[in-house]
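2 protein chains.
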Amino acid sequence: MSDFSTRPGRLKPAPENFLSSDEIAQVQSGRRDFLRRSLVLASGAAAAAVAGGPAAAEGGSVEGDPAILKLPPWSTTLGKAVATNPYGMPSPYEKNLVRRQSPGLTQVSQASVAFTPLQGLFGIITPSGLHFERHHQGWVDIDPSQHRFMVNGLVKRPKVYTMDDLMRLPSVSRIHFIECGANSAMNWGNVAVPTVQYTHGMLSCSEFTGVPLSVILDDCGFDRKRGKFILAEGADGSSETRTIAIERALDDVIVAWGQNGEMLRPENGYPLRLVVPGVQGVSNVKWLRRIKVGDMPFGAKDETVAYADLLPSGLQRQYTSIQECKSVITSPSGGQILLEKGYFNVTGLAWSGRGRIKRVDVSADGGRNWRTARLETPVLTKALTRFNIDWVWDGKPAILQSRAIDETGFVQPTMKQLREVRGTKSTYHNNGVQSWMIAESGEVSNVEVS
Amino acid sequence: MSDFSTRPGRLKPAPENFLSSDEIAQVQSGRRDFLRRSLVLASGAAAAAVAGGPAAAEGGSVEGDPAILKLPPWSTTLGKAVATNPYGMPSPYEKNLVRRQSPGLTQVSQASVAFTPLQGLFGIITPSGLHFERHHQGWVDIDPSQHRFMVNGLVKRPKVYTMDDLMRLPSVSRIHFIECGANSAMNWGNVAVPTVQYTHGMLSCSEFTGVPLSVILDDCGFDRKRGKFILAEGADGSSETRTIAIERALDDVIVAWGQNGEMLRPENGYPLRLVVPGVQGVSNVKWLRRIKVGDMPFGAKDETVAYADLLPSGLQRQYTSIQECKSVITSPSGGQILLEKGYFNVTGLAWSGRGRIKRVDVSADGGRNWRTARLETPVLTKALTRFNIDWVWDGKPAILQSRAIDETGFVQPTMKQLREVRGTKSTYHNNGVQSWMIAESGEVSNVEVS
Chain G
1 MSDFSTRPGR LKPAPENFLS SDEIAQVQSG RRDFLRRSLV LASGAAAAAV AGGPAAAEGG
61 SVEGDPAILK LPPWSTTLGK AVATNPYGMP SPYEKNLVRR QSPGLTQVSQ ASVAFTPLQG
121 LFGIITPSGL HFERHHQGWV DIDPSQHRFM VNGLVKRPKV YTMDDLMRLP SVSRIHFIEC
181 GANSAMNWGN VAVPTVQYTH GMLSCSEFTG VPLSVILDDC GFDRKRGKFI LAEGADGSSE
241 TRTIAIERAL DDVIVAWGQN GEMLRPENGY PLRLVVPGVQ GVSNVKWLRR IKVGDMPFGA
301 KDETVAYADL LPSGLQRQYT SIQECKSVIT SPSGGQILLE KGYFNVTGLA WSGRGRIKRV
361 DVSADGGRNW RTARLETPVL TKALTRFNID WVWDGKPAIL QSRAIDETGF VQPTMKQLRE
421 VRGTKSTYHN NGVQSWMIAE SGEVSNVEVS
Chain U
1001 MSDFSTRPGR LKPAPENFLS SDEIAQVQSG RRDFLRRSLV LASGAAAAAV AGGPAAAEGG
1061 SVEGDPAILK LPPWSTTLGK AVATNPYGMP SPYEKNLVRR QSPGLTQVSQ ASVAFTPLQG
1121 LFGIITPSGL HFERHHQGWV DIDPSQHRFM VNGLVKRPKV YTMDDLMRLP SVSRIHFIEC
1181 GANSAMNWGN VAVPTVQYTH GMLSCSEFTG VPLSVILDDC GFDRKRGKFI LAEGADGSSE
1241 TRTIAIERAL DDVIVAWGQN GEMLRPENGY PLRLVVPGVQ GVSNVKWLRR IKVGDMPFGA
1301 KDETVAYADL LPSGLQRQYT SIQECKSVIT SPSGGQILLE KGYFNVTGLA WSGRGRIKRV
1361 DVSADGGRNW RTARLETPVL TKALTRFNID WVWDGKPAIL QSRAIDETGF VQPTMKQLRE
1421 VRGTKSTYHN NGVQSWMIAE SGEVSNVEVS
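Chains G and U are the protein sequences, given in the same order. Start counting the first sequence at 1; every next residue gets the next number (my numbering). Start counting the second sequence at 1001; every next residue gets the next number (my numbering).
Since the hints were derived computationally from the structure, they do not count as laboratory data. In this text, all values refer to a predicted model and were calculated from it rather than measured experimentally. Accuracy of the hints is not assured; some may be wrong.
[Claimed, not checked] Some chain G residues close to chain U (C-beta under 8 Å, calculated; not the full set):
1) R10
2) K70
3) W74
4) L78
5) A83
6) P103
7) A114
8) L121
9) P127
10) H135
11) G138
12) D302
13) E303
14) T372
For each residue, glycine too, the CB sits at the ideal point set by N, CA and C.
Chain G on its own, in the form it takes in the complex:
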């Protein structure tokens, strides 16, 4: 049993957005306000806890808490009817937990990113309303009765499927993460992106339902001899196109219409997207309208001028696809403030495009000492895995890091190790260890440990 019961720690949530230096000053003064409000509003116990006194160990006394003595209005009134919201929404008190665009990151907001607020999420399922967005020419509202999905190229029977055609086929349901190849890109520049929403928020995990691509390719009689690659094409204005090797296409790829129990959301490809487990987001083509079978890679725009890695040798690494083993601590994380020393539940996410997570280690001293975290179940292949570990902050400066190891034995590299191989000019595929520095003031910031 950890000692959380005798040493409570409290933290102030991260600002949910980029902050200017003025705004940061406000947060800092707000911190004092926050403490003052705690003293006024909360129970004697809460006050004692803030003061670090021994009564904190006992929780609030039952008698002393005004919130217990006086019944709140929701306990004394008739509530709202069932199906008041036929499709329910989050509490109004959670209105700040939203996807956010990074101001200035891209020139056009139709070819941009909205990041998932990882700092406020639990478990491994990302609510569909908070799944990150990365569009190349904006998102579209497709009428499913008008949508067509074509298979052509090296197939005996080119076909056009309606959504009805597809949804009657044998389906599978599986939980997988999708991560943009450019996730954590700004960390390459060592620009101290302030919060985990922006460092790692091009990452989400859903239960997807659809028909295996292998079933579709069989249905169309693809050329097993000459068919070496497929092209996947989207129906949005950008006609996003990606090459996928036939071995992968026949393995675990899904032509998916379902996400977290319901139809895909419009921003995530409604009514049809490709799910290519473990492979960078751009290959999980949204608004999927075509699969073409070919005998060589297709060399699309986003496989040549973008989503390629410029190596120190000057060569471009093309067709990088698998999202390698990676992890990040989501709380405490950048922008949060530890309001007192004591016990904290350190939590985060780990994932690997090559299979299951085997272990996650956590360091509080910048990588000198490591302890093994608890993994929440289920631990699934090519899915997010939630980890938790107990930690007691002694009030001194600390550097929190997590390091994931997958079932292939691959160990997530440090930024230093990654830079040694990849040089200084990469944009994509940053799976380096994330470091959060805790200052003596309790403020958490994004640093790179050399």
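Since the structure of chain G is provided, determine the placement of chain U on it from the hints.
Chain U alone, transformed into the frame defined by chain G:
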């Protein structure tokens, strides 16, 4: 490989609500409209498929499909910006897939039920916006900063926790179903409830995050000798209260704030609810405000006059809690219409309050012959399990049934077996085999096989 590629089957979705006989007549005439529209709108292939011709086997010809020849507007225009919806919503084309109250089922809509639309869902995760609702005095919007959670009774250290206090504690995340004890209650009356939304829709499954109740009880130093039961109490106007045996409380019960990655929804207990895996919904107390440790069952209203089973002997069975092994086919299901004979992917859900699902069998002839369905992974303890099985409809009357078996070896009973033990006066705990009759017309209806 099944023969779906040569024998396509289409179905018309279920009416998403109760229908009057007038409305049913409209659906039936609408069926003809539907076919006519298919012929006009869709490809040559779709037309051939409706006619059952051999071209259906080939899918649409690439050349013949107007939807392919002419690019739709979403392929030729600039789409919408990222974060247009900071919290995303389903496509407007999915607006009928909602929770619904059953008209006339209860007198007051604050003490009623809104059912989950199982007929339109995939996989095992229920979108939080579609989680079923069952309230005893309506649902409430609680301010989490004002919410208090008290532990008292046979404990050394009675405590009052704020949400901040709780959320710093070591947490777990697990996927579990919640089913109301009254789910399928109307099937006891053999009233032919028309759709699976109303027969089985008091059933949902989510990933929950929170602190194990055992950690809280330890924190308060509960009396290990005299503490035999706990009382869980809600903060809504009904003060819903339930007794739970201490062995269960110390096992896998969670004091939960997270649901499917985010905070609980207001209708489902925001900011705090109890999750008692495998036990009927009413014990998963929403808006949780208190746990009291006692030395005997508390005999609350909903453990005496309700949620008890009147047995043939005239005795009331009290404290029934575990939701026994059960399953249901969600498609094809009541209210849907099979528009042609041929291949169908039969899909459904299985679950057991006692552990994992081991096997699901499916019959198409009212229980004479059974075949084993595919189970989608992950198969988790006390969670929904999705099953799929291939089936070719020959156009003759058929009765579809599913029968689940859990890891304890418990076999889901037929309605006949259940009635032999439980008599005719039960309201709760109906886990009998569900039968869907397919008429020669293709219409699917709810029947009881004797």
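Hints, one by one, checked against the model:
About 6 Å separates the beta-carbon of G:R10 from the nearest beta-carbon of chain U, less than 8 Å, and the hint is met. Hint status for G:K70 relative to chain U: violated, with the closest Cβ pair at about 10 Å, above 8 Å. The beta carbon of G:W74 is positioned within 8 Å of a beta carbon in chain U (closest approach about 4 Å), and the interface hint is therefore held. Of the supplied interface hints, the one on G:L78 holds, with its beta-carbon coming within about 5 Å of a beta-carbon of chain U, less than 8 Å.
A least Cβ separation of about 4 Å between G:A83 and chain U falls short of the 8 Å threshold, and the interface hint therefore holds. Checking G:P103 against chain U: minimum C-beta separation of about 11 Å lies over 8 Å; hint violated. For G:A114, the suggested interface contact is upheld, since its CB lies about 4 Å from the closest CB of chain U, less than 8 Å. Evaluation of the G:L121 hint against chain U yields a held restraint, the C-beta minimum of about 5 Å falling below 8 Å.
Because the closest C-beta pair between G:P127 and chain U is about 5 Å apart, less than 8 Å, the hint holds. The interface hint given for G:H135 holds, since its Cβ lies 6 Å from the closest Cβ of chain U, which is under the 8 Å cut-off. The interface hint given for G:G138 holds, since its Cβ lies 2 Å from the closest Cβ of chain U, which is under the 8 Å cut-off. A distance limit of 8 Å between C-beta atoms decides the matter here; for G:D302 the minimum to chain U is near 16 Å, and the interface restraint is violated.
Because the closest C-beta pair between G:E303 and chain U is about 21 Å apart, greater than 8 Å, the hint is violated. The beta carbon of G:T372 is not positioned within 8 Å of any beta carbon in chain U (closest approach about 15 Å), and the interface hint is therefore violated.
Checked against the numbered hints given earlier, the structure breaks hints 2, 6, 12, 13 and 14 and satisfies all the rest.
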